Amino acid sequence: MAKLVMNEEETMLADMARGFLDDACPVSKLREMRDAGVTSDAATWKEMADLGWAGVLVPEEAGGSDMGFAAANVIAHEMGKTLAVSPFISSAVIAATALRQVNDARALGALAKIASGDVTYALAVDEGIKFDPEGVQMEAKADGNGFRLNGKKQFVVDGASADRLLVLARTADGLTLFDIPADRVGVNCDASNMIDARDAARITFEDVEATGEDVLGAVDNAMDILKPAINAGQAALAAEMTGLSVGAFTMTVDYLKERKQFGVEIGRFQALQHRAAHLWCEIEVTSSAILNAGRKLDEDSSVAETAVSLAKARATQTAILAVQEGVQMHGGIGMTDAFDMGFYMKRARVSAEWLGDYSYHAEKIAAERGF
Amino acid sequence: MAKLVMNEEETMLADMARGFLDDACPVSKLREMRDAGVTSDAATWKEMADLGWAGVLVPEEAGGSDMGFAAANVIAHEMGKTLAVSPFISSAVIAATALRQVNDARALGALAKIASGDVTYALAVDEGIKFDPEGVQMEAKADGNGFRLNGKKQFVVDGASADRLLVLARTADGLTLFDIPADRVGVNCDASNMIDARDAARITFEDVEATGEDVLGAVDNAMDILKPAINAGQAALAAEMTGLSVGAFTMTVDYLKERKQFGVEIGRFQALQHRAAHLWCEIEVTSSAILNAGRKLDEDSSVAETAVSLAKARATQTAILAVQEGVQMHGGIGMTDAFDMGFYMKRARVSAEWLGDYSYHAEKIAAERGF
Amino acid sequence: MTVNPLDAFRAELRDWLAQNCPEEMRDGLMTEESICWGGKDWVFTSDAQRVWLERCAAKGYTVPTWPVAYGGAGLSRDQEKIFHEEMGRLDARSPLQSFGIWMLGPALLHFGTHEQKLQYLPPVARGEVRWCQGYSEPGAGSDLANVQTHGEDKGDHWLVNGQKIWTSYADKADWIFALVRTDREAPKHKCISFLLLDMKGGGVETRPIKMISGVSPFCETFFTDAKIPKEQIVGEVNRGWDVAKYLLTHEREMISGGGAGLSGGGRALGAVIKDTMDEMDATLRADAMRCEVNSLAIGLTLERYKDQAEAGQGAGDASAMLKYMGTELNKQRHELMMNAGGSDALEWDGPVGNRAGDWLRTKANSIEGGTSEVMLSIVSRRVLGLPG
Amino acid sequence: MTVNPLDAFRAELRDWLAQNCPEEMRDGLMTEESICWGGKDWVFTSDAQRVWLERCAAKGYTVPTWPVAYGGAGLSRDQEKIFHEEMGRLDARSPLQSFGIWMLGPALLHFGTHEQKLQYLPPVARGEVRWCQGYSEPGAGSDLANVQTHGEDKGDHWLVNGQKIWTSYADKADWIFALVRTDREAPKHKCISFLLLDMKGGGVETRPIKMISGVSPFCETFFTDAKIPKEQIVGEVNRGWDVAKYLLTHEREMISGGGAGLSGGGRALGAVIKDTMDEMDATLRADAMRCEVNSLAIGLTLERYKDQAEAGQGAGDASAMLKYMGTELNKQRHELMMNAGGSDALEWDGPVGNRAGDWLRTKANSIEGGTSEVMLSIVSRRVLGLPG
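Chains as they are written, first to last, in numbering that gives the first Met the number 0: chain P, 0 to 370; chain S, 0 to 370; chain A, 0 to 387; chain R, 0 to 387.
Among the clues, some could well be false.
DSSO-like cross-link-like pairs, simulated, lysine-lysine; straight-line CA separation at most 27 Å [what the hints assert, rightly or not]:
(1) A:K209 with A:K171
(2) S:K2 with R:K80
(3) R:K189 with P:K259
(4) A:K305 with A:K39
(5) P:K259 with R:K305
(6) R:K305 with S:K2
(7) P:K2 with A:K305
(8) R:K244 with R:K229
(9) R:K209 with P:K259
(10) A:K209 with S:K256
(11) R:K273 with S:K363
(12) A:K189 with S:K151
(13) R:K330 with P:K259
(14) P:K226 with P:K112
(15) R:K273 with P:K151
(16) A:K273 with S:K363
(17) P:K2 with A:K80
(18) A:K244 with S:K259
(19) P:K363 with R:K39
(20) A:K187 with S:K256
(21) P:K256 with R:K187
(22) S:K259 with A:K39
(23) A:K209 with S:K28
(24) A:K244 with A:K116
(25) A:K273 with P:K363
(26) P:K28 with R:K209
(27) S:K259 with A:K209
(28) R:K330 with S:K363
(29) A:K189 with S:K259
(30) A:K229 with A:K39
(31) A:K80 with A:K58
(32) R:K244 with P:K259
(33) R:K39 with R:K116
(34) R:K209 with P:K256
Derived CB-CB ranges, DEER-like [to be verified]:
(35) P:G108 with R:V214: 46 to 52 Å
(36) S:V302 with R:W15: 27 to 33 Å
(37) R:Q312 with A:K209: 43 to 49 Å
(38) S:V302 with R:K187: 52 to 58 Å
(39) S:D34 with A:G313: 32 to 38 Å
(40) A:P66 with P:E133: 49 to 55 Å
In case anyone wonders, no lab produced these hints; they're calculated from the structure.
Keep in mind it's a predicted model, so treat the numbers as computed, not measured.
Note that the Cβ used here is the ideal one computed from N, Cα and C, for glycine as well.
Start from the sequences, fold in the hints, and give me the full structure.
Written out as C-alpha cells, the structure reads:
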C-alpha cells in the first residue's frame, strides 16, 4: 500500500531539486526577467531537461526518466518555493501525460522531444474568464479529410513561448484535442502582460487547417486523453502553489524572528505567533492532500479526480492565505517592489485561477459527495 | 434628519430598563425557571407592562406609551443583556405592529389589552424548518361566511403561553392573517422542549373555525399587515441579539482581566486581546445597523425591509461569534451548566433561526442590490 | 500463484466480519447511546452489543494493533488500515470504546513493565475494566503541570490527597490513572508521578459536573487518604510528566481523529446535507463544501502522520496541529448541522434527535486535552521556533 | 407655508449641481486616473476637470464643512449629508482630493492660529497647493513616535536633517507637514514638533518607492539642512505628538471611509458582481453577499461616528475600529473582484482595466496609517482596558 510519506527517492529528488533551483532559479532571476520583459528561459529549461525533469512523465523508451506523478509533484513543489520559471507543468506534465495516453509511434516521437527539452507545449482550453473545458465553444469544422479551426483562446499559460499547442475544440459530436505547431498558418499569438511576469497568451485561430494526424486520441473524445493530463497538471500546480506557500511562509517566519518593533522581536507578539502557527497548520494539512494526489495519480491517473481537486482547492486557499499573511506581517516593506513577497502574491493569484479556481474544485468534490 | 446617535430619551429608557432588568430578570432568573420547567413569567410581564413596555408600540388612545420602534429596540437590547424572559417581541412588537395597521375599534381594543399586558400574542408562521412566510401552505378554506383552518405550525415562539395567535394561512387567492384565541376548538398546542428554555410550541389546527371578524386586514392580503410587523419583530430580535452579544462579551472581558494562567492574567495574552478587540469591533458595527433599523422603521415601517435585514443578518453573525468566543475564552468553566455562558450560547442559536436566519436576510439584501 | 498476504488478510477478515458482526451492529452509529464503554458496571444495551464485544475481544479486534499477549490482534499498520476499511464497508460499530484503550494502553505499552502490561491490558481489551483519566485540577486550566494533588510517601504506599476536575466518566469508571505530586520541593516537571488507582479501593469520591449540553460526561474527583501501593506507578517516581507528555501527544491525534471524521461521527454532515439539500441555501452549501474540503484534507493528514509514525518519524509537537485543526473543524461542522436543521434542531430530543446536545458537546473539543490556544503556542514555539 | 431650511438647501444645491457639474464629471469615478489632486504642478486631464474644480472652489464645495473664511462652504453636518447625497445622485466626481484637505486642514482648524488658517487653508481649498505627510521613518514601522529626524534650534529657524519614508506623493507635493524631533533629551512623546515645510524651499529631496502594484504612490523624503522658520509650527514646540495623535484618529476615519464604500470606489464590487452574475459561482456569491452586508454596516458605523462627533462625543481610540474594519473589508472586496474577474483580471491593464493594480494597492490599506494589529491593540488596551 502506498504510504503518505515521502520515500527515499522522493526525498533525494527534492534535495537535488532544491540545490539546483536555489542556484539557478532564485526569485532574483524572475525579477531580472521581469525587469527585462522576458517571460521564458529556454536555457534553464534545457538544464532542467538534462536533470530528467522535462521527461519526468515520459517513458524510458522515449528517453524519459519516467519517475511518475508523485515525483513530478515533488519537482513542482520545489519550483514553487523560488518561483522558478519553466514550462514544466504545461509541457512535462500536461502535454506528456496527454501524449502518453496515445499509444503510437508519433506520440512516442513527440514525447521524446518533450523529454529532451527540444519542444515545449502549451494547453489552450480557456475561452472565458474561468476554466471550463466542458464548455469549450471553439469550432473545429470538418473540412475534407481534416478540420478548420476558428476561435479564440485566452490564458494559455506558456503559450507565447510554446513550440506546439494542445487545442481543445468542438467537433460534430463532442470535443476533440488537436496537437498543432504554434506557427501554423492562421494561429495568432498575443503575449499577455501578466501580473506574475510569466508567460501566458491570448491566441486566435483563423481558418487554421488541421488533419486527422493532428488529432490526439479519438475525434469527439478529447476527454479520454485530456482528463488524465488535466488531473496531472492540476496536481502539479497544486504542489507548486504549496511550495510557494512554504516559500512565502519561510520568509515571513524569518522576518518575525529578526524584525524588532517597540524594542522586541515582533515574533514575540502572541497574536502574530498564533497566526503564523495557524498558517503552518494549514500548509501542513494541504501538504497531505498534495502527497495523496500524487499517490492516487500514480495508482490510476484517470480516476484521481477527487484527490486532485482536493489538492488544488486546498492549495489555492492556503497559498492565498500565505501571501496575504506574508505581506501584512512584513508591513510596509512587504508592499515594496524591491522586496520579493509581491512576486509570491502575484504568482499565487495567477495560479489560483489556472486550471480551475477553488470553487471549481470544491464543486467537483461536492458533486462526488452527492451534494 | 434622524441621527444615528441615541437621543436623551433613549439613553434614559436604556438606563431605566437596565436598572429594572438587572434586578427583576438576571440570568439566574432564567436558570430558576429552566430548573423548574417553567417557560413564561406572567408576573414579570405585568410589571413590564406597568413600565409601558407592553404598550411601547400601542397608540396613547389605546393606553399605550407609543414610544416607537427605536425605543422598542432599546428595550429589546437591554433584555438581551440578561436574557430576560418575556413575550415582548411576540406581543408588544409583532402583534402590536400588525394590529396597528388595522384602523378599527376592534383592533384598538386588542391593542389596549396588549398594552395592559392582559393579553399576549404569538406569531404562527413557520411550517418547515426555516422561516418562509411566502411559502406558507396551511389551508384556510372558505366555509360559509367564514373559514376552516387545517394544518401545522412549528417554532411558534411564546406560543405555549400566548392567549391569542396570529396565524398565517393560504386562502383562495393569497395569504390571510387570522387573529384567533389560543383556546379555540381544534387548536392543539404542544410545548416544545427548547434548548434556550424559552417558550415555543408546535401547534396543530384541526378544522378550526374562523369568521371574517377573525381576519386581520384584508383577505388574501396578509402581507400588507404582516410585513411591517415582521420587520419590527426582526429589528427588535436583532437588537435583543446584540444585547446578548454585549452581555456575553462583557462577561468574557471581565474574565480575561481576572483569570490567571501560567502566572499572569490571560487578558495579557495578545492573541486573546486581538480576538476580544475584533469581537468588540464587530459588535460596534452591528450596533450601527440596529440603530439604523430603528430609525428607518420610525420613518416608515413598511419600507424598512433592507435596513431590518441588515440588522438581523449582522446581529446573527455577531451573536454567534460572541458566544463562541465567550465559551472558548472561558475554557472548561464556560462549558459547565453552572456558569451562565451556556444560556447565552443556546439563546443565540434559537434567535439566529427565529424570523429568518443570516442567509435569509443576506439574500434579501443581495436581491435589493441586484444580485 | 502467490496471494499477496494483505489480500489474504482482507479476505479472511471480510469473511469473519460477515459471519460475526450482528446485523444490529451494522449501523455505523457513534452516539452516546450506541457506544459500548465496558467496565464492571456495564449494562449492555442489547444482546447484539454483548455478542459483538465478546467476539471481537476473542480475536483481539477491540485493540487490533496491540500485541496478542496483551489482548490485541497484533496487526501491522497496513493490516490496521484494511481492518478499518472492512469495518467501514459493513458500517460496523466499534465494539468497544474506552480511555483504557486510547490512553492507558499507549502509556503502559511504552512505559510499563511486562508485568503491568499483563495485569492491566487484557481486562481493558475484553471490556472488563473501565478507566478514566485524572489530569486537570481546579484553577489550573491549561497549565497541566500545575499539580497540587499530593502523594505522601508511606514506605510501601503513597497516601494521596487532593482533587481532580474534568475527569471524563469518572463516576462510571473502575480505575483512574492520575498525575500526583510526589515531591513538594522539586520543580514543576520533576515532581509528578503517574499513578494507577482502584476507584473502589477506598478514599476516592466523584461528583458529576453538568455541562451546557445537559449531560455530565465530566466529574470532579476527590482523593481523601487514598492508599496506592508503590507498584502502581507507570515509569519512574517523579518522572510522570514524561508519561503525561507522551499521552498528550497521543490524545491530540485521537481527538483530532474524531474531528476529521475518521470515526463514525464524520459521516454526519454529509448525510445531513444530502437530506436537507432542497432547503439548503447558497451560503450554507458554500460553507458545507469548505468544511468537506477541509475534512478530507485533515483526514489525510491524520493518515500521513500515522504513516510517518510507522516510518519512525514521530509527530511530537506537530501533533498539536492535528488536535487544533481537527477540533476546530468538528465545531464548525456541528455549527453547520445546527444551521441545516433549522428550528427542528432547537429542541432537546426533537425531530433530529440529540443534534443540539451533540453540537454543544463539540464546544469542549477545543478546550479538553489542551486548548486551541495552547496548541497554537506549541506550534509557534516548538515547531516554528518563535521566541517567547 | 414655511419651507424646511434643509429642504431649501437641497433644492438650491440640486439646481446648482445640475447647472454646474460638467457632463464628463458625472461618472462617479475614483481611480488613479480620474482624481484631481491639484497643486502647483497639476496638469488637468480635461477642461471639464478644471472647470469643475474652479466652480466648486468658488462655492467652497471642495471643502464643504470648512468655514467660509478659510475657503469652505461652512455646511452643517445635516447639510453635508445632503451634499453627499446630491453629489451621489448625479454620480458627480469629487472635484478635488488632497492630503491638505484630509490632514492639514483638520490639524490647522484644531491647533492652528487664525493667521495660519488664513495663510494655508484657502490655497488648499482652491487646489493650488498640494501637501504631503512626513510621519514614518525607516525602521520605525508601527512605532510612529520613534522620530529621529532632527530639528536644531537656530534662533529664528530650525535646521532639519533626517529621513522620512512612505511619504505619499511627496514627489508631486508642494509642501510637507512633518514630525520632527526638536529635543534630543525629552521622552518620546514630548520631544516632537509638528512642522510645515516648503518642499521647494531647499534642503528637501524625494525618491519614489516602487510598490508591488507597479506604481509609486509613496516616496522616501530626505531633509538636508532644510531651514524652517519658527512660525511654521502647528501647536506648541515639543507638543507635536498631540497634533499627530489627533490626526491619526482623523486619518483612521478617513481611510475607513474608503473601505466602507462611501467614496466612489465602494460601488465597484456591486457593479462587478452584477456584470459577472452568470459566471459567478455559489461560493463567490456567498462571499460577495457577506462582503456587502459588512460594507453596509460599516458605512452606517462611519455615519454614526460622524453623528456622535457632531453631538460632542469624539470617537477617540474607538476610531481604530473604523480603520481596522474598513480596510480589512476593502482588501476582501478587492480579493473578490479579482476572483470575479478570473483570468481577465490577471493582466496589467487587461480587459478589466487596472483591477490587479487596484487590488495590490489595497494590501497597503491595513498597513498605512497604523497596521490592523496596532488598531486591535489600541482597542484592546484603551477601549477594553485589557492589561499589558
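Could you see if the CB distance from Q312 (chain R) to K209 (chain A) stays within 43 to 49 Å? 44 Å, holds
Do the alpha carbons of K187 (chain A) and K256 (chain S) lie within 27 Å of each other, as the hint requires? Cα-Cα ~25 Å, so holds.
Can the restraint linking K244 (chain A) and K259 (chain S) be considered satisfied, given a maximum Cα separation of 27 Å? 23 Å, holds
Holds or violated: K2 (chain S) to K80 (chain R), with C-alpha atoms at most 27 Å apart: This hinted pair holds, its Cα atoms lying about 11 Å apart.
Keeping to a limit of 27 Å between CA atoms, is the pair of K244 (chain R) and K229 (chain R) held or broken? With a Cα-Cα distance of about 22 Å, the restraint between K244 (chain R) and K229 (chain R) holds, given a limit of 27 Å.
For the pair supplied as a hint, K273 (chain R) and K363 (chain S), confirm whether the alpha-carbon distance does not exceed 27 Å. 15 Å, holds
Hint check: K28 (chain P) vs K209 (chain R), CA-CA at most 27 Å. Holds or violated? Within the cut-off at roughly 18 Å; holds.
Mind checking the alpha carbons of K209 (chain A) and K28 (chain S) for me, to see if they're no more than 27 Å apart? Satisfied, since the Cα-Cα distance of roughly 18 Å is no more than 27 Å.
Quick one, are K330 (chain R) and K259 (chain P) close enough, alpha carbons at most 27 Å? Distance ~26 Å between K330 (chain R) and K259 (chain P) Cα, so the pair holds.
Please verify whether K273 (chain R) and K151 (chain P) have alpha carbons no more than 27 Å apart. This hinted pair holds, its Cα atoms lying about 25 Å apart.
For the pair we were handed, K363 (chain P) and K39 (chain R), check the Cα-Cα distance against 27 Å. 58 Å, violated
For K273 (chain A) and K363 (chain P), compute the direct alpha-carbon distance and say whether it is at most 27 Å. It holds: about 15 Å lies between the C-alpha atoms, which stays within 27 Å.
Of the hints listed earlier, those the structure fails to meet are numbers 4, 5, 12, 19, 22, 39, in rising order.
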